[in-house]
Amino acid sequence: MAKQRRRPLGLILSTGWLSLCLLAAVLGDLLPLPAWNDFDFDNLSAPIFTNGHWLGTDPDGADLLSGLVHGARVSLGISFVSVLAGSIIGGFLGVLAAYRRGWIDAVITMYFNVSLAIPIIVLTLVMVAIFSTPKFDGSSGGLPREMILVISLTLVLVPILGLLARSSALSWSGRDFVMVAESIGMKKRAILWTHIVPNVLPAMMSIAFLAAGIVIVVEGGLAILGAGAAPGASWGSMLAKNQSYFTIDAYPTLVPAAVIALTVMALNYFGDYFRTAIDDRESRI
Amino acid sequence: MAGSGTAHLRNNDEVVLDVRDMVVEFRVGGGLVVKAVSKISFDVCRGETLAIVGESGCGKTTLGKAILQLPPPNSGDVIFEGTNLTKLPKEQLRSARTAIQMVFQDPISSLDPRMTVGEIVGEPLWIWGRGSEADREAKVRELLNNVGLEPELVLNRRSYEFSGGQCQRISIARSLALEPRMLICDEPVSALDVSIQAQILNLLQDMKDRYGLTMVFISHDLAVVKAVSNRIMVMYLGKICEVGSPDAIYSKPTHHYTSALLDSVPVPDPTRKRTAVPLQGEPPSPVAPPSGCRFRTRCPAATEKCAAEEPQLREVAPDQFVACHHPRS
Amino acid sequence: MKFLGAGLILVRALVVLFLVTFMITVLVRLLPGDPVDTLMPFATDEGREQLRSELGLNINIVQYYFRWLGDFVRGDFGQWYASTGDGGGVPIGQMLGVALPRSLFLMFYTMVFSLALALPIGIFLGYRADTRIDRTISNAMFALSSIPSFALGLSLVYILGLRLDLLPVLGYVPFTESPGEHFKSMVLPVLSLSVGLIAGFSRLLRVDTIATLREDFVTMASSKGLSNGWILWRHVLRPSSATLMTSAALQMGGLIGGAVVIEIIFALNGFGMLLNTAIVTRQYLAIQSLVALIAVAFIFFNLVVNVLYAVVDPRVRSARG
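For the protein sequence lines, the chains are A, B and C, in the order given. Take any residue in the first sequence, note its place counting from 1, add 55, and you have its number in my numbering. Take any residue in the second sequence, note its place counting from 1, add 1299, and you have its number in my numbering. Take any residue in the third sequence, note its place counting from 1, add 10, and you have its number in my numbering.
Quick caveat, the hints were computed from the structure, so don't treat them as lab data. Incorrect hints may appear among the rest.
Dumping the calculated DSS-like pairs for lysine-lysine here, alpha-carbon to alpha-carbon at most 25 Å [claimed, not checked]:
{"hint": "1", "chain 1": "A", "residue 1": "242", "chain 2": "B", "residue 2": "1386"}
{"hint": "2", "chain 1": "A", "residue 1": "243", "chain 2": "B", "residue 2": "1386"}
{"hint": "3", "chain 1": "B", "residue 1": "1604", "chain 2": "B", "residue 2": "1338"}
{"hint": "4", "chain 1": "A", "residue 1": "243", "chain 2": "B", "residue 2": "1525"}
{"hint": "5", "chain 1": "B", "residue 1": "1604", "chain 2": "B", "residue 2": "1525"}
{"hint": "6", "chain 1": "B", "residue 1": "1525", "chain 2": "B", "residue 2": "1551"}
{"hint": "7", "chain 1": "B", "residue 1": "1338", "chain 2": "B", "residue 2": "1386"}
{"hint": "8", "chain 1": "B", "residue 1": "1438", "chain 2": "B", "residue 2": "1507"}
{"hint": "9", "chain 1": "A", "residue 1": "242", "chain 2": "B", "residue 2": "1507"}
{"hint": "10", "chain 1": "A", "residue 1": "242", "chain 2": "B", "residue 2": "1389"}
{"hint": "11", "chain 1": "B", "residue 1": "1507", "chain 2": "B", "residue 2": "1525"}
Far from chain A, by Cβ distances over 10 Å, these chain B residues were calculated [claimed, not checked]:
{"hint": "12", "residue": "1373"}
{"hint": "13", "residue": "1374"}
{"hint": "14", "residue": "1393"}
{"hint": "15", "residue": "1396"}
{"hint": "16", "residue": "1401"}
{"hint": "17", "residue": "1411"}
{"hint": "18", "residue": "1412"}
{"hint": "19", "residue": "1422"}
{"hint": "20", "residue": "1423"}
{"hint": "21", "residue": "1426"}
{"hint": "22", "residue": "1464"}
{"hint": "23", "residue": "1473"}
{"hint": "24", "residue": "1476"}
{"hint": "25", "residue": "1564"}
{"hint": "26", "residue": "1603"}
{"hint": "27", "residue": "1607"}
Computed from a predicted structure; not experimentally measured. By construction, the Cβ of each residue, glycine as well, lies at the ideal position given by its N, Cα and C atoms.
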């Protein structure tokens, strides 16, 4: 199969953009910007570079740049945490199923397949609904919205990442060196941790990037459906909040949309690059 | 052919490995059962190299793995130095395994791509806590030297940086780390270039002499096996055809399958005449082996008796046993 | 023998179906809040009792599940309750009758359009693999496909709808009313959803084309009278169709999810909108039936693809046998 050698330019751009987002997420508070939920009533729907608003404001007067910076923290944070949690739980279950086989495998795989029978957004939507108490004013009591999202997304990611971990672990378990390890007297649990997990890890890491991208998209979709983070807090909810004014002033909607698109592109590129690098190395094995 | 029996067993003090009535079968999709090894018995004496020869699919690899209980046979006994491996509980089996080591066919797949060579060869020592770290490192260097690899050059490299032959050397070094008393080699040179094959075969012979090993050498290639073995056992579709010394088997094969195998060995002599009728037909499936003698569907000398009655191994010449109703004379 | 394999797939799909619908029942039960209060805050006591029994709150969950299942397979999807007055609801089946066709049209058009475009693009790229034009287009498609469909949708609305005023931006026109307007209202939604699919499918076809070229084409070179294009078309299509089918099935999940969001953006009032409203307003029965419906469709689709694949592709059969 011909592998597309991506030009390094794409790699540089992706890394650059992702680093920028990460910096914004981490150092955001230090920037001399108005708070993301500060409404500047004198400057509603302001265009770029007005009165200290670098990217302008939205129809409520909230500064777009600081919204993006704050959104970076929320969106990337949700994405990072849920992918990490999903990888750990899913990875553990998947590898366990692959190595133990028998009924453990049957149960875990059935759980994975059943969960995957429902499209991601739909399942996440239901999960979010379960964890938030209904109030007709749209807000929710109980757990903070972001935590609800993280939990729901993690639960939804576990089957996907788990199936991948399982199939990777299965193919590694079939390799001779696993049998060799048994023949030199290694205990099964030791074989799992020393031989199988380190080999499954790279594949999972490359999928993690892709999954992070998916999470950001799902978060955006959820926001549009009304189930995202607090309005304006994340990129997705910024988009959703301003979407109702789309026909009047499309700009505040397009800005977070563009940021989401760029970030997902960068994550996909990264994940793909990683995957081709791993495939190359492993095809030599 | 293909029958079973115990006439070829020696039952003396020199027997190190004694396999009795081994049966290995496994399920494949659709409710079918592959009868890989069907009630075979054989033995190996101390210091001997037993070669197990046959086509792919005859069950020899399964047999090799079953000796190590990987996985354990469905029934039968495997008695190594007096201990019945099939009856051992898990923990004791684990430690019993250290006395028998195996070298696998695919040199590269046998090595964990994430580990360095030093880690791979030293792993058995590490698992069993043999000696301090310094001791282990010294031992690893010694092993690498023995197999003809320069420790400095290979210790910190990974398997995918080496050729097939070198990987096989690494595998052999690792298998000798625990100083086993028996080595099972499953097609150790089949995946290698012809020029490298000789080197590895010589290496194995050296190691056998140096460590006083008993060997079981599994191969489909009679040419390879001739130089290294003291005794040859020919298998077909899960049963034994013929057992004997290399000289006897090569000069006077009594089983039709053995002679067909020998004939297929390329010999650079255009004037050589073929002495046997070439094999006809396709090998039957191990899921539904023929009744009676399993070789009868491809045998030029098959009769009704061959379908009705499974031939047992019997002595047809000093130390040569064959399972056939109508052996060649 | 091959029907045994197909039968096994069927059984497995049924088991998954049962488990999924049961899981949905449980999940819906987990929704916080008192269903009766949420749905009918102003109901009378009798009304409440009736609602309780309709929602199955007076029997245990397993009984309820089987009762619901019985209704479901007969096409009775329950009621949608109005929160004013004394309740009484609209049969969900009726609502589905209006909403479902729109969503089905959307997905059908998207699939057809994507495949139709992906085929020539993919084959062309494979034929011209590793040339500059291949690299440019492939990279561009990769970038485009990373853009979430709602972002694309919004951009398209902005450019083609608002700025250039070429196409209607919101709303749906049924085919029966006006075919022209119907298609016009679907163009933007279908485009938004298709980009990702086209990129994925054409990548697949590109790989298959390259592989086929390497094997068959060299021997085919001597056959006279057949143009390259014709050979490519016939020899890539047949083996690729299996991979394409599987890929289509895999993409279905993402497509359904994407469609739900797109419907909202373009105000198509389809299935997605229905589901979303149901979840937000806690229409318990509706949620259960609608999500179950999606799951059934999804599993069924996968099932059909799996069975077809197993029957059509001899390699798969012999590998298992």
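Of the numbered hints stated earlier in the document, which are not met by this structure? 4, 5, 9, 14, 15, 16, 17, 18, 19, 20, 21, 23 and 24
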